[in-house]
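Going down the list, the sequences are from chains E and G.
The numbering used here numbers the first residue of the first sequence as 1 and each following residue consecutively.
The numbering used here numbers the first residue of the second sequence as 1 and each following residue consecutively.
Be careful, since some hints might not be right.
Where chain E lies over chain G, by a calculated footprint (3+ residues, C-beta under 8 Å) [to be verified]:
1. 40-46
2. 63-72
Below, a sample of chain E positions facing chain G; criterion: calculated Cβ distance under 10 Å [stated by the list, open to error]:
3. A11
4. F12
5. D48
6. P57
7. S71
8. D72
9. N74
Straight-line alpha carbon distances no greater than 25 Å define the calculated DMTMM-like cross-link-like pairs of lysine to aspartate or glutamate that follow [claimed, not checked]:
10. E:K69 to G:E132
11. E:K66 to G:E26
12. E:K98 to G:E110
13. G:K59 to E:E107
Simulated from the structure, these hints should not be mistaken for lab results.
Yeah, the Cβ is synthetic: ideal placement off N, Cα and C, and Gly gets one too.
The lines below spell out each chain.
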Amino acid sequence: MAKVLIVDDAAFMRMMLKNILQKGGHEVVGEAENGLMAIEKYRNLIPDFVTMDITMPVMEGIEAVKQIKVSDPNANIIMCSAMGQQSLIVQAIQAGAKDFIVKPFHEERVLESVRKVLGA
Amino acid sequence: MLHSVMESVRQVIPIPAVVQSPNVLEDTVIQRDIEVFVGFTGHAYGRIVIQGECKTFSKLGEFMYGMPLEGDILHSFVGELANMVAGNTSILISNKGITIDITPPTVMVEKLHLHGYERGISVPVQFENVGEINIILLLQNQGDG
Ligand SMILES: [Mg+2]
């Protein structure tokens, strides 16, 4: 069981991800609705992994990945975005994300990504 | 671009649907139960709007995710639906060399007056056993507004 921080501006999507991750045996330790909140919560909660949306108000997800990586270079971050063009995936990976899931997604795709990123 | 938007709608909402012919939007007032806007900028500039009745969106949510939705979570679902349609549109058009970035969705439950767009096209889509929603593409010349 791993501790996860879910970052998405849509409460609906946070709920969906929470259901999937809990079913997969993970513990949701926190939720954030923008990049800035994500950075703060990451610092306090030190989760094992993060699901990170991109399009969010206040601060978008790729910027948040960069800042989280500065404070913790080992952070495990999975991008989870409705945008997924090649150039954006490259940007996210360069920022330090370890995987990229395009919405809408299947439950199995999410859990498979978590397994991959945690190296289990 | 409209073609990519409609292709994206089919990808995001996997429910059999009849797509009616597009209408040029003449009325500047949008009035349905609920509508959601996502702005896009870059090589193209404008907005994607999805509008419909709450009960239709609630059924859509039920078909897609197995649970009927209401209240705040329904509004959030409608916002995320538009985010997914716009996001997947951005992927489809990136294959044609067009790059856009999208804004977070704005969900509205009131009558709307639209101003300052160059062209508006509305496409009613009838989903089997669910109901009809309207997909609207508003295009502006870059640099306007
Ligand atoms: Mg979002």
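Against the structure, the hints:
1. 40-46: violated (count 0)
2. 63-72: It holds: at least three residues are needed, and the region 63-72 of chain G offers 4 whose Cβ sits within less than 8 Å of chain E.
3. A11: A11 of chain E check passes; min Cβ-Cβ to chain G is 4 Å, inside 10 Å.
4. F12: holds (4 Å)
5. D48: Check failed: Cβ of D48 of chain E comes no nearer than 25 Å to chain G, outside 10 Å.
6. P57: holds (5 Å)
7. S71: S71 of chain E check fails; min Cβ-Cβ to chain G is 25 Å, beyond 10 Å.
8. D72: violated (26 Å)
9. N74: It is violated, given that the least Cβ distance between N74 of chain E and chain G is near 29 Å, above 10 Å.
10. E:K69 to G:E132: Answer violated: K69 of chain E to E132 of chain G is near 45 Å, above 25 Å.
11. E:K66 to G:E26: violated (45 Å)
12. E:K98 to G:E110: Violated, at roughly 41 Å.
13. G:K59 to E:E107: holds (20 Å)
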